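Student: The sequence shown begins at 1 in the working numbering and counts up one residue at a time.
None of these hints come from the bench; they were simulated from the model.
Note that the structure is a prediction, hence the values are computed from the model and not measured.
Take the hints with a grain of salt, since some may be wrong.
Derived CB-CB ranges, DEER-like [as the list claims (entries may be wrong)]:
#1 PHE65 - LYS14: 11 to 21 Å
#2 ALA16 - PHE65: 20 to 30 Å
#3 TYR10 - SER35: 48 to 58 Å
#4 PHE65 - TYR10: 13 to 23 Å
#5 VAL56 - ASP30: 20 to 30 Å
#6 HIS32 - HIS74: 43 to 53 Å
#7 ASP30 - ALA72: 38 to 48 Å
Think about it this way: if two alpha-carbon atoms lie no more than 30 Å apart in a straight line, the pair counts; the simulated DSSO-like pairs of lysine-lysine are [as the list claims (entries may be wrong)]:
#8 LYS38 - LYS60
#9 LYS67 - LYS11
#10 LYS67 - LYS38
#11 LYS60 - LYS11
#12 LYS14 - LYS67
For each residue, glycine too, the CB sits at the ideal point set by N, CA and C.
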Amino acid sequence: MELFDFDRHYKRIKLATTPEEIAQIRNEYDIHFESLPKDEQEIFVLRLSQYAHEEVIRSKALIEFVKEVIDAEHQAV
1 MELFDFDRHY KRIKLATTPE EIAQIRNEYD IHFESLPKDE QEIFVLRLSQ YAHEEVIRSK
61 ALIEFVKEVI DAEHQAV
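Required output: the full structure, derived from the provided sequences and hints.
Tutor: Here it is, written out as C-alpha cells:
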C-alpha cells in the first residue's frame, strides 16, 4: 500500500485560505481513499485516526508551552 503523506496534506490544509482550496485537498483524500482496496481502506482510516490523535497531542503540548511562557512573563512583571 502506498503511504499517504498526512503531514504534507495537513500542512496544506493549515495554509489554505479559501473553502475551495480546502475542498480540493479533501478531494485528493477522497480520490486516494477510493482507489484503495477495501482492506487497505480500513488501514488508511486507522492511520488517519492515529495521525489525528498524535496531532491533537502535539497541539495540546504547544498550548501548554505557550501558557507557561505567558505565565512566566506575567510573573516577571
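Student: Compare the structure with each hint and give your call.
Tutor: Hint check:
Checked against the given bound of 11 to 21 Å, the beta carbons of PHE65 and LYS14, roughly 18 Å apart, stay inside it. Look at ALA16 against PHE65: about 25 Å separates their beta carbons, and that is inside 20 to 30 Å. Remark: the range hint 48 to 58 Å for TYR10 to SER35 is contradicted by a beta-carbon distance near 20 Å. Between PHE65 and TYR10 the beta carbons are some 20 Å apart, a value that agrees with the proposed interval 13 to 23 Å.
Under the hint 20 to 30 Å, the C-beta atoms of VAL56 and ASP30, about 23 Å apart, fit the expected range. The hinted range of 43 to 53 Å is satisfied by HIS32 and HIS74, whose Cβ atoms lie roughly 46 Å apart. Remark: the range hint 38 to 48 Å for ASP30 to ALA72 is upheld by a beta-carbon distance near 45 Å. The straight-line distance between the Cα atoms of LYS38 and LYS60 is roughly 33 Å, outside the 30 Å bound, and the hint therefore fails.
The hinted pair formed by LYS67 and LYS11 meets the criterion: a straight-line CA distance of about 24 Å does not exceed 30 Å. In summary, the hint linking LYS67 to LYS38 is not supported, as the alpha carbons are separated by about 44 Å, beyond the 30 Å threshold. Of the supplied pair hints, the one linking LYS60 and LYS11 holds, its CA atoms being roughly 17 Å apart against a limit of 30 Å. Annotation: proposed proximity of LYS14 to LYS67 holds, straight-line Cα distance about 22 Å (limit 30 Å).
Checked against the numbered hints above, the structure breaks hints 3, 8, 10 and satisfies the rest.
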